[in-house]
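Chains as they are written, first to last, in the numbering used here: chain A, 1 to 73; chain B, 1001 to 1218; chain C, 2001 to 2351.
Just so you know, the hints here were simulated from the structure itself, not pulled from any lab data. Values in this document were obtained by computation on a predicted structure and should not be read as measured data. Keep in mind that a hint or two might mislead.
Taking lysine-lysine pairs in the DSS-like style, the calculated list, with each CA pair at most 27 angstroms apart, reads [to be verified]:
#1 C:Lys-2004 - A:Lys-57
#2 C:Lys-2265 - A:Lys-57
#3 B:Lys-1217 - C:Lys-2265
Reference listing, derived: stretches of chain C covered by chain A, where coverage requires no fewer than 3 residues with Cβ under 8 angstroms from a Cβ of chain A [said to hold, decoys possible]:
#4 2167-2176
#5 2209-2223
#6 2341-2349
All C-beta atoms, glycine included, are put in the ideal place defined by N, C-alpha and C.
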Amino acid sequence: MRKIFIIILFLAISLPAVWAEGNRDYMRETGKINVVVAVILVIFLGIVWYLVRLERKLTKLEHQIHDAHERKN
Amino acid sequence: MNWKSLIPLLHKEFLLEFRQRYAISGIVLYVFSMVFVVYIASIRVTPPVWNVLFWLIVLFASINAVVKSFVQESGARQLYYYQLADPVALLLAKIIYNALLLFVLSALAFAAYSLVAGNPVKDPALFALVLVLGSLGFSIAFTFIASIAAKANNSATLMAILSFPVILPILLTLVRLSSIALRLIQDTSYTRDILNLLAIDAILITLTFVLFPYIWKD
Amino acid sequence: MWWKTLSVVLILYSLCTGLLVPLKSGIERAEPAYARSGQDVNIRFYGYNTFFAKPSGEAVRVWLYADEAHALAARQFRAINDTILEAVFSMPVNLPDGKQTVYLNAIIDHPAAGASLLPSAVELRQDTGTVAAALDSAWTAHPVENLHVQSGFSFPYQNVIYESIRNTYFHVPMWFVLLFLFGASVVYSVKYLRNPVPENDRRASAYAETGLLFGVLGLLTGMVWAKYTWGQPWSNDIKQLMTAVALLIYLAYFILRRSFEEYEKGARLAAVYNIFAFASLVPLLYIVPRMFASLHPGATGNPAFGSQDLDNTMRAVFYPAIIGWTLLGFWVAHLRIRYQRLYDRVMDIEG
Chain A
1 MRKIFIIILF
11 LAISLPAVWA
21 EGNRDYMRET
31 GKINVVVAVI
41 LVIFLGIVWY
51 LVRLERKLTK
61 LEHQIHDAHE
71 RKN
Chain B
1001 MNWKSLIPLL
1011 HKEFLLEFRQ
1021 RYAISGIVLY
1031 VFSMVFVVYI
1041 ASIRVTPPVW
1051 NVLFWLIVLF
1061 ASINAVVKSF
1071 VQESGARQLY
1081 YYQLADPVAL
1091 LLAKIIYNAL
1101 LLFVLSALAF
1111 AAYSLVAGNP
1121 VKDPALFALV
1131 LVLGSLGFSI
1141 AFTFIASIAA
1151 KANNSATLMA
1161 ILSFPVILPI
1171 LLTLVRLSSI
1181 ALRLIQDTSY
1191 TRDILNLLAI
1201 DAILITLTFV
1211 LFPYIWKD
Chain C
2001 MWWKTLSVVL
2011 ILYSLCTGLL
2021 VPLKSGIERA
2031 EPAYARSGQD
2041 VNIRFYGYNT
2051 FFAKPSGEAV
2061 RVWLYADEAH
2071 ALAARQFRAI
2081 NDTILEAVFS
2091 MPVNLPDGKQ
2101 TVYLNAIIDH
2111 PAAGASLLPS
2121 AVELRQDTGT
2131 VAAALDSAWT
2141 AHPVENLHVQ
2151 SGFSFPYQNV
2161 IYESIRNTYF
2171 HVPMWFVLLF
2181 LFGASVVYSV
2191 KYLRNPVPEN
2201 DRRASAYAET
2211 GLLFGVLGLL
2221 TGMVWAKYTW
2231 GQPWSNDIKQ
2241 LMTAVALLIY
2251 LAYFILRRSF
2261 EEYEKGARLA
2271 AVYNIFAFAS
2281 LVPLLYIVPR
2291 MFASLHPGAT
2301 GNPAFGSQDL
2311 DNTMRAVFYP
2321 AIIGWTLLGF
2331 WVAHLRIRYQ
2341 RLYDRVMDIE
2351 G
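Please model the entire structure based on the sequences and the hints provided.
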């Protein structure tokens, strides 16, 4: 999960740089619509990042509850 | 609030400072070394740089001067004070004392600083007023933050972290007012800035009174 | 539960309309951008989202506009394609009010796409030759009138910003979410001081944490947008500074919380700091605008927009977007609160 996320983040950061190669200014052409895409992407990834973190904490908590049950039985 | 207890409490602060002279001399030395650093590090100080550096020196000297005001007395002794006197009166005494201390410190810093870096102040009356207002504002904000930070172990670090966002409005207004006193910007309507500063002080001191009872109880 | 559904619906609505609704027609630039009086000039207008070549019932009309009373109509013009229009102007022999230079705004009126305007499109200079005493009648012969308005839903066109005006529905709401979440955090800090139960502290800290998340997102998206419109990601704009200071306050808040061994003490002092710092942030709203110019619209530190920056069609997307994102923020914060509640219970049972 974490690895996938890091890969996505890496792609999101590096792709515009790759696109910017050559003479095309990817962010400025077609009426700067890609700036909007980038902004939406940042918001989406940010919220997903937070949810993934929260889920990891929850998983840890579940393990803890599970262990406590085992000990009791 | 019991106003009569204010005088003895203030007296106590002075007495404490007098007995621990090394603390205040430490701060004075701190100011002098910072001024000296400015002197050897920069070849020529232009008025805008003078302005910013001066307030930085005063800011850090103030943080260091105020941070000790709650740490120097042990927890048991403070609890004893709180039972003897109204905690809010105690805090007010500390604020007044710190304001006086900070004013003396900033005046000292100004003297030393203008000796090594020149004195570009064109409007001494306004600048003096700015120093008074500055030490008052710094004192209110820092004393309150120090009372929070003193409850933790690494209070010096915490003090710097906690006070920076709180002090920013005051600091920005001070820098603006003093650049008017230095004639760096032409602005005759600076009374609004002074009123701003007083309003901030009023807000902070009200909050201080409301919130302090939640701090000192343990 | 209904508000979670509402937040999804509103965000979906703002995403769809915000991305699909077209921009109004606009003029990007005019070439050449200068002219001398008394000459015939051939000026090319480059349009954005325009339909110059599309046949329409009425004719397209072109003006160079100096002020209310003075405008020049094009003598003749032809559309090269949908986005390029070539117009011939006979420049008058003298300028209004005996000026030496006049900046003329270009207006192109299309029956279907509506009127579009380019401010200061052409600089007109007085030629040094003979200057007639009476004002040239060309200035008043064809006044600008009967302009068309584009029918249907569309967003305003602005040079430099272009399509990225749509970011208004995604970047700006982050700031509102931050404001509401930090506000809720302060409210629960006050509640905690009056009634010190763990639930109030859980809420205060969870709102602060999610507020921090949305603040960082607002700052990042703002930097992306600023890079391609203002030229650099950080320009000490007051709103950037304000957000940065607000984030610093809450970072300090979390450091303060964690520097105590006893839970109750940390929660209480953090609540006190939360209230104190938030209150000291408010004066910044009044002070900073006096010192720093803002690049943001509504420049004098006004958190809302002026009527020029936000027209009615934009409002119809912008306000739902704010409500939608705010509800989403509270939703995420709610998850955080529920996690903390569970965590505290497990820790209680385990001892």
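Structure-based check of each hint:
no. : hint                    : result
1   : C:Lys-2004 - A:Lys-57   : holds, 23 angstroms
2   : C:Lys-2265 - A:Lys-57   : holds, 24 angstroms
3   : B:Lys-1217 - C:Lys-2265 : holds, 10 angstroms
4   : 2167-2176               : holds (count 4)
5   : 2209-2223               : holds (count 6)
6   : 2341-2349               : holds (count 4)
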